[in-house]
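S.K.: Chains as they are written, first to last, in the numbering used here: chain H, 4 to 113; chain D, 1181 to 1294.
Hints may be right or wrong, so weigh each one.
Claimed, not checked - Here are some, though not all, of the chain H residues that point toward chain D, as calculated from beta-carbon distances under 7 Å: (1) A44; (2) P45; (3) F47.
Stated by the list, open to error - Calculated from the model, a selection of chain D residues having no Cβ within reach of chain H, i.e. all distances over 12 Å: (4) P1188; (5) R1193; (6) K1194; (7) G1196; (8) N1198; (9) N1233; (10) E1242; (11) E1249.
Treat the hints as calculated values from the structure; they're not laboratory data.
None of these values were measured; they are calculated from a predicted model.
The beta-carbon is built from N, C-alpha and C at its ideal position, and this holds for glycine as well.
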Amino acid sequence: QQPVQSPQAVILREGEDAVINCSSSKALYSVHWYRQKHGEAPVFLMILLKGGEQKGHEKISASFNEKKQQSSLYLTASQLSYSGTYFCGTYGGATNKLIFGTGTLLAVQP
Amino acid sequence: DGGITQSPKYLFRKEGQNVTLSCEQNLNHDAMYWYRQDPGQGLRLIYYSQIVNDFQKGDIAEGYSVSREKKESFPLTVTSAQKNPTAFYLCASRTNIANTGELFFGEGSRLTVL
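All chains, full assembly: derive it from the sequences and hints.
M.R.: Rendered as structure tokens:
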């Protein structure tokens, strides 16, 4: 089952904050977050592991609630470059099958 | 530079024809993936491979076939059995460390069936 993301779309002004949620019906072992610009390939943002370990490359934070099978991505002081579609990806078990969520379209306006 | 190369970038085909999309990586990654993306939608997993000569079906494998004869190559064939093949296809790879490796994506192949 595909993870469900909310909201489906959000429009922000520069400097505003946003939260994107990812919810799964299956037990999660880890959660990935990616951002995709229009017409381009997705780019890795962050991975969250069971036990609270995080690995990321940008100034974006996230949380992972294993019990609730949910993850949230926090975008603070948004910039125009944050615009794009955000996807969470989840591993439901000890396999390499990475399933992506439904996506959240984020538009940051000047 | 290391990375993933997909070709062709754009492809047109007539109904009833098979077409093969190429995916090559020089990252020495064990795991490789094929995803399909339709306009305004997420990425759906077609096939994935964890090791040479082995691959598994994803959520939408019907009408597609793959092979993994070499570690660096994972071609996808879209067969005539695929009822609605027009889409953006993305290949990705990662190190085969369960649940912790990030995915590296190619630039994608856009297939249009005329």
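S.K.: Decide, hint by hint, whether the structure agrees.
M.R.: Comparing the hints with the structure gives:
1. A44: holds (4 Å)
2. P45: holds (6 Å)
3. F47: It holds, given that the least Cβ distance between F47 of chain H and chain D is near 4 Å, below 7 Å.
4. P1188: Check passes; 15 Å lies beyond 12 Å.
5. R1193: Holds, since 20 Å exceeds 12 Å.
6. K1194: At roughly 25 Å from the nearest Cβ of chain H, K1194 of chain D sits farther out than 12 Å, so the non-interface label holds.
7. G1196: holds (28 Å)
8. N1198: Answer for N1198 of chain D: holds, closest chain H Cβ roughly 25 Å.
9. N1233: N1233 of chain D is indeed farther than 12 Å from all Cβ atoms of chain H, at 15 Å.
10. E1242: holds (17 Å)
11. E1249: holds (19 Å)
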